[in-house]
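A.B. asks: Construct the complete structure from the given sequences, taking the supplied hints into account.
Going line by line, the protein sequences match chains U and G. At position 240 of the first sequence (counting the first as 1) the number is 240 in the numbering used here, and the numbers step up by one without a gap. Heads up, the numbering used here is the position in the second sequence plus 256, with the first residue counted as 1.
Hints were generated in silico from the structure; no laboratory data involved. It cannot be assumed that every hint is accurate.
[What the hints assert, rightly or not] The calculated BS3-like cross-link candidates involving lysine-lysine, where the alpha carbons are at most 30 angstroms apart (straight line), are:
1. K32(U) - K395(G)
2. K395(G) - K92(U)
3. K367(G) - K92(U)
4. K2(U) - K395(G)
5. K395(G) - K462(G)
6. K258(G) - K139(U)
7. K238(U) - K32(U)
8. K139(U) - K288(G)
9. K367(G) - K258(G)
10. K238(U) - K224(U)
11. K139(U) - K367(G)
12. K462(G) - K494(G)
13. K2(U) - K206(U)
14. K462(G) - K442(G)
15. K92(U) - K13(U)
16. K139(U) - K395(G)
17. K13(U) - K111(U)
18. K348(G) - K111(U)
19. K238(U) - K2(U)
20. K111(U) - K395(G)
21. K367(G) - K348(G)
22. K139(U) - K2(U)
23. K13(U) - K224(U)
24. K269(G) - K480(G)
25. K494(G) - K258(G)
26. K480(G) - K139(U)
One letter stands for each residue in the lines below.
There are 2 protein chains.
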Amino acid sequence: MKEQLTLIKVGGKIVEEEATLNQLLTDFSAIKGHKLLVHGGGRSATRMASRLGIESNMVNGRRITDAETLKVVTMVYGGLVNKNIVAGLQAKGVNAVGLTGADMDVIRSVKRPVKEVDYGFVGDVERVNAGLLNDLLHKGIVPVLAPLTHDGQGHILNTNADTIAGETAKALAQRFDVTLVYCFEKRGVLRDENDDNSVIPQLNRKEFDRYVQEGVIQGGMIPKIENALNALEAGVSKVIITLASAIGGEQGTIIS
Amino acid sequence: MKEQLTLIKVGGKIVEEEATLNQLLTDFSAIKGHKLLVHGGGRSATRMASRLGIESNMVNGRRITDAETLKVVTMVYGGLVNKNIVAGLQAKGVNAVGLTGADMDVIRSVKRPVKEVDYGFVGDVERVNAGLLNDLLHKGIVPVLAPLTHDGQGHILNTNADTIAGETAKALAQRFDVTLVYCFEKRGVLRDENDDNSVIPQLNRKEFDRYVQEGVIQGGMIPKIENALNALEAGVSKVIITLASAIGGEQGTIIS
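C.D. replies: Shown next as structure tokens:
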């Protein structure tokens, strides 16, 4: 039987405010067994870019990453957000290590080809070094992954945190029984976005397709659930979409 | 006989300009055997602080690090500078990992006590986790240390890069035959700061004390050589102060 691994992905809003970050670190440190954290930081990046007079351009919820924006996300994701999480986890007795994809070559990507949109220095994940993550985890070290990868040719690339979580979960599913938890500001996937009590408790691909057709599920939730379904099809045991404060619990939407 | 380890410390000026950084990465990747890089980044931090409207206050060449300045150095040292070096080394076939002291608890420090000067969030190194660095090095992984440490209570602390290099060299000297190279913009310790050909080829503590008394050695060079002499007294085999372009060679000032 494979060992359990819990992979938590948290969005920017949670890691950027001291109270919610502190709660997350407490909850995360209480998780038993192997674990790994993937974080975002988009709001901090947008705020920092704005302070530096750099305009943030988003297309389909993705950041257009020119050279100046790449510097901002490298600083904010790889430095500010990542190192605060790592120092916070160390204070709670979790031996964390903050990594971008460039560190120990852990996630290699390719610069997204220019089609209708030129996303700039944005990477599509090519491979995750599961052997290396496995070594760290078995030494009791907890990887904290920033949403940055590299192309092996000296370039850092901005990479969506949901994608990093999904790809990392898939790569580790060969060695671990992986539960992937996407945390965000809602209690789960909602039937009615204005009603926090309308959580859909279970969701499979057929139901997902129907909800999308009916317009119940829309916007940024679509790629999130697509990532979840792909992860399951690639061997991940369980995917949960829930509140950060519910990690480790059984609330939220279970994708199956 | 102990294995060889070369520990290179490079200042901000070298890692902040593309041409000098690229040369450094080429020279560093050519070093045989175990190696480790410690970098600064003060000029970039000052520039970034200025763009953000944060004043940089230096006392005795050390940065007063208030809460806002701490965010800047965490971003710039831990994110921008560190990750660019790591990605650049990966492109040259060096399996680098960028670390602050918080990552894997590699360097623990204490916030500097307030005496005549309140340096703010500045750390004095307490201990370096040599066992962990040893493990990484023996796996062929090359640590790239940013000048940031942590106090184990959730705080990142700004820490002088020369000190990190010296303390890391001392900690590793029990396991390795360590050569510590301080790279800066001069060819070595100069008898006459306006004459690049006046390099003092060898320097011991007695000569150092005399040069300081005579005013030949002054300013920021004094703590640098103090660090070097302390490192030698703690078991480091050799300390060299030289140009970045001379790493691996026999130029510069050899402290003995």
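A.B. asks: So, for every hint listed, does it hold in this structure?
C.D. replies: We went through each hint and held it up to the structure:
1. K32(U) - K395(G): holds, 28 angstroms
2. K395(G) - K92(U): holds, 28 angstroms
3. K367(G) - K92(U): holds, 19 angstroms
4. K2(U) - K395(G): holds, 25 angstroms
5. K395(G) - K462(G): Cα-Cα ~40 angstroms, so violated.
6. K258(G) - K139(U): holds, 25 angstroms
7. K238(U) - K32(U): holds, 16 angstroms
8. K139(U) - K288(G): Holds, at about 28 angstroms.
9. K367(G) - K258(G): violated, 34 angstroms
10. K238(U) - K224(U): OK: K238(U) and K224(U) at ~14 angstroms, within 30 angstroms.
11. K139(U) - K367(G): Measuring from Cα to Cα gives roughly 29 angstroms; hence the hint holds.
12. K462(G) - K494(G): Holds - the C-alpha atoms of K494(G) and K462(G) are around 17 angstroms apart, at most 30 angstroms.
13. K2(U) - K206(U): Since the Cα atoms of K2(U) and K206(U) sit roughly 29 angstroms apart, the hinted pair holds (cutoff 30 angstroms).
14. K462(G) - K442(G): holds, 23 angstroms
15. K92(U) - K13(U): Measuring from Cα to Cα gives roughly 21 angstroms; hence the hint holds.
16. K139(U) - K395(G): holds, 14 angstroms
17. K13(U) - K111(U): holds, 27 angstroms
18. K348(G) - K111(U): This hinted pair holds, its Cα atoms lying about 19 angstroms apart.
19. K238(U) - K2(U): holds, 14 angstroms
20. K111(U) - K395(G): The given pair, whose Cα atoms are some 29 angstroms apart, holds under the 30 angstroms limit.
21. K367(G) - K348(G): violated, 37 angstroms
22. K139(U) - K2(U): Distance of about 17 angstroms is within 30 angstroms: holds.
23. K13(U) - K224(U): holds, 16 angstroms
24. K269(G) - K480(G): holds, 16 angstroms
25. K494(G) - K258(G): Holds, because 14 angstroms separates the two Cα atoms, which is no more than 30 angstroms.
26. K480(G) - K139(U): Not satisfied, since the Cα-Cα distance of roughly 36 angstroms exceeds 30 angstroms.
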